[in-house]
Amino acid sequence: MVARLYFMAHHNWEWVLIDSVAILVGSDSFYAFASVFKETLGEGSKTASGFLGLDHVESSHKINHYRDMPSQKYSCHNKPSYSLFRLEIVFENDEGMKIYRIDSSNHELEFLDAKDHLYQVACQCKMESYMPQSFLLAWDCTRKDEIPDFPSYPALLKAPLGSGGFGLYFVYSKFDVLEVIRCHRKRAEERDGFLEELKRDYEGRVPSWTLQRYIPSLKLKEFDMCKCQIRAYIVLCDEELFLYPTFEVRLPYWDIPLDDILSEEFELFGNEDKSVGNNIQENKWSDPVECECVGAGHARPYNEGRNKSRTRRMLLEEISELVDYGAAQAVHNCMMGCFHGLKDQLSLQKMKYSGLSLPVNESLGVLVKSASVAVAGVDLVVSRNSNKEHELLSAHIVEVNNNPAMPSPRKHSMSVKYKQHLAQLSASICALAFRHCR
Numbered sequence: 001m002v003a004r005l006y007f008m009a010h011h012n013w014e015w016v017l018i019d020s021v022a023i024l025v026g027s028d029s030f031y032a033f034a035s036v037f038k039e040t041l042g043e044g045s046k047t048a049s050g051f052l053g054l055d056h057v058e059s060s061h062k063i064n065h066y067r068d069m070p071s072q073k074y075s076c077h078n079k080p081s082y083s084l085f086r087l088e089i090v091f092e093n094d095e096g097m098k099i100y101r102i103d104s105s106n107h108e109l110e111f112l113d114a115k116d117h118l119y120q121v122a123c124q125c126k127m128e129s130y131m132p133q134s135f136l137l138a139w140d141c142t143r144k145d146e147i148p149d150f151p152s153y154p155a156l157l158k159a160p161l162g163s164g165g166f167g168l169y170f171v172y173s174k175f176d177v178l179e180v181i182r183c184h185r186k187r188a189e190e191r192d193g194f195l196e197e198l199k200r201d202y203e204g205r206v207p208s209w210t211l212q213r214y215i216p217s218l219k220l221k222e223f224d225m226c227k228c229q230i231r232a233y234i235v236l237c238d239e240e241l242f243l244y245p246t247f248e249v250r251l252p253y254w255d256i257p258l259d260d261i262l263s264e265e266f267e268l269f270g271n272e273d274k275s276v277g278n279n280i281q282e283n284k285w286s287d288p289v290e291c292e293c294v295g296a297g298h299a300r301p302y303n304e305g306r307n308k309s310r311t312r313r314m315l316l317e318e319i320s321e322l323v324d325y326g327a328a329q330a331v332h333n334c335m336m337g338c339f340h341g342l343k344d345q346l347s348l349q350k351m352k353y354s355g356l357s358l359p360v361n362e363s364l365g366v367l368v369k370s371a372s373v374a375v376a377g378v379d380l381v382v383s384r385n386s387n388k389e390h391e392l393l394s395a396h397i398v399e400v401n402n403n404p405a406m407p408s409p410r411k412h413s414m415s416v417k418y419k420q421h422l423a424q425l426s427a428s429i430c431a432l433a434f435r436h437c438r
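So the sequence shown is numbered by our numbering: it starts at 1 and just counts up by one.
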């Protein structure tokens, strides 16, 4: 039997997938996944490459166009959906050909991508305790009495579709909140068709803003009191949700003493009466777009003073302070608890998109088996736990990133283990998906 592997990937996943292909065809086992719904080790655990037939792969081929993937010769139509990556293994012998194909189309998890809907779903499932306290505000909110008391001072104001830190603000007063919402509304209304497009994409609604409690993350002594952010990965495959057991740590860097500045600005602008009148904000932010977006308030853009080029990426297991504090267990407990509670919602989404796989023209005599896998990166904040005696840290989910991007090894600082982990993650996801081909 001869086997050939073909793959293609979204541009920022390409280098990861290339590295993972070598692991797929050369490794005897892959990392175990934790099954969230069953709360056990799932089918991804110690999956032998021999069982998958990967030990027969003689060559691998990078494909640039979806129409050139082998299965497309045997599909009834040629209309691809967006996918982070696609892999196909073609097995051929004297008796014929069979193709195993997988794709990461991620439709099933995209309902958690918008920050307001994530919190709504968490509340519906009574899982909101796994997130920072939050309140949802209409996209066109104009009155102070529509804004509840702040969950913290300062609080975080989040645009529903912001990314990379844009659309995220530290706010000190209701006036700040109204100014940010007013300015973003103005920008949205000035862009032809933007609001109508949002309504089409979000079932007739314009997504809401989120006013969220600001939880200062744990500062790491071994990294000059740098903040830390945690990322975990979930994988939805064949109506089962899996948690990848290795957690990432990002160490963001600001060229300013952020927490000191937040305290100083709260003293100046935290009182509602100080947010109007003679204290109208001057456009002092380095990004002119953010100057336009905060209006006359004192909201501080999250990215102000942030030096993204100095963000470091490591694995949690590499940072002794987090290991000693039991951060991995805190993250595991938070992830398993929250997403187990979302089981019914995730099952509904899986059913909604169950018919999207491409039909196969069986008359051509080629057996084609398929599996779709959805991948999301979940960002968490860990902080000291003042309420529980036996747990040093608490973890809270701050957002879910559908179609998570992979960092470039040429542009981003990452440890050797971190880079290896990304390839192992991708290989393990693919191995899991191949086992579920139907």
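Bear in mind the hints are in silico, worked out from the structure with no lab data behind them. Don't take every hint at face value.
Listed next, the in silico DSS-like pairs over lysine-lysine satisfying Cα-Cα at most 25 Å (straight line) [unchecked claim]: (1) K186 to K144; (2) K221 to K417; (3) K73 to K369; (4) K369 to K62; (5) K199 to K227; (6) K411 to K62; (7) K352 to K227; (8) K98 to K73; (9) K350 to K62; (10) K227 to K417; (11) K308 to K126; (12) K419 to K219; (13) K227 to K98; (14) K98 to K308; (15) K350 to K199; (16) K308 to K219; (17) K343 to K38; (18) K126 to K38; (19) K199 to K186; (20) K219 to K350; (21) K126 to K350; (22) K417 to K308; (23) K62 to K38; (24) K186 to K308; (25) K38 to K419; (26) K343 to K126; (27) K126 to K411; (28) K73 to K199; (29) K369 to K352; (30) K350 to K369; (31) K308 to K38; (32) K419 to K221; (33) K284 to K221.
Hints versus structure:
Between K186 and K144, the direct Cα distance comes to roughly 18 Å. Compliance with the 25 Å bound is thereby established for this hinted pair. Straight-line distance between C-alpha atoms of K221 and K417 comes to about 21 Å, which keeps the hinted pair within the 25 Å bound. For the suggested pair K73 and K369, the alpha carbons sit about 14 Å apart, so the restraint of at most 25 Å is met. Proposed proximity of K369 and K62 is supported: the alpha carbons are some 20 Å apart, at most 25 Å.
The straight-line distance between the Cα atoms of K199 and K227 is roughly 37 Å, outside the 25 Å bound, and the hint therefore fails. The hinted pair formed by K411 and K62 meets the criterion: a straight-line CA distance of about 23 Å does not exceed 25 Å. Proximity of K352 to K227 is assessed by CA-CA distance (about 39 Å); at most 25 Å being required, the pair is judged violated. Of the pairs offered as hints, the one joining K98 and K73 holds, with about 12 Å between alpha carbons and a cut-off of 25 Å not exceeded.
At roughly 29 Å between alpha-carbon atoms, K350 and K62 are farther apart than 25 Å, so this suggested pair is violated. A threshold of 25 Å between alpha carbons decides the hint, and for K227 with K417 the separation of about 20 Å falls inside it, so the pair holds. Proposed proximity of K308 and K126 is contradicted: the alpha carbons are some 35 Å apart, above 25 Å. In summary, the hint linking K419 to K219 is supported, as the alpha carbons are separated by about 24 Å, within the 25 Å threshold.
Taken as a hint, the K227 and K98 pair is broken in the structure, with Cα atoms around 50 Å apart against an allowance of 25 Å. Annotation: proposed proximity of K98 to K308 is violated, straight-line Cα distance about 46 Å (limit 25 Å). About 22 Å separates the Cα atoms of K350 and K199, which keeps this hinted pair within 25 Å; it holds. For the proposed pair K308 and K219, the alpha carbon gap of about 18 Å is at most 25 Å, so the pair holds.
For the given pair, K343 sits about 10 Å from K38 by alpha-carbon distance, which is consistent with the 25 Å threshold. Under the criterion of a C-alpha separation no larger than 25 Å, the hint pairing K126 with K38 is consistent with the structure, at around 19 Å. The straight-line distance between the Cα atoms of K199 and K186 is roughly 17 Å, inside the 25 Å bound, and the hint therefore holds. About 39 Å separates the Cα atoms of K219 and K350, which puts this hinted pair outside 25 Å; it is violated.
With a C-alpha separation of about 21 Å, the suggested pair K126 and K350 falls inside the 25 Å cut-off, and the hint holds. Of the pairs offered as hints, the one joining K417 and K308 holds, with about 20 Å between alpha carbons and a cut-off of 25 Å not exceeded. For the hint pairing K62 with K38, the CA-to-CA distance comes to about 36 Å; that exceeds 25 Å, so the pair is violated. A threshold of 25 Å between alpha carbons decides the hint, and for K186 with K308 the separation of about 29 Å lies outside it, so the pair is violated.
Restraint check: the Cα-Cα separation between K38 and K419 comes to about 30 Å, which exceeds 25 Å; the hinted pair is violated. Proximity of K343 to K126 is assessed by CA-CA distance (about 12 Å); at most 25 Å being required, the pair is judged to hold. Proposed proximity of K126 and K411 is contradicted: the alpha carbons are some 40 Å apart, above 25 Å. Our distance criterion of 25 Å between C-alpha atoms is broken by K73 and K199, whose separation comes to about 37 Å.
Straight-line distance between C-alpha atoms of K369 and K352 comes to about 20 Å, which keeps the hinted pair within the 25 Å bound. Restraint check: the Cα-Cα separation between K350 and K369 comes to about 18 Å, which is no more than 25 Å; the hinted pair holds. Only pairs whose Cα atoms come within 25 Å are accepted, and K308 paired with K38 is rejected, the gap being roughly 39 Å. At most 25 Å may separate the alpha-carbon atoms for a hinted pair to count; K419 and K221 meet this at roughly 24 Å.
With a C-alpha separation of about 32 Å, the suggested pairing of K284 with K221 is violated against the 25 Å cut-off.
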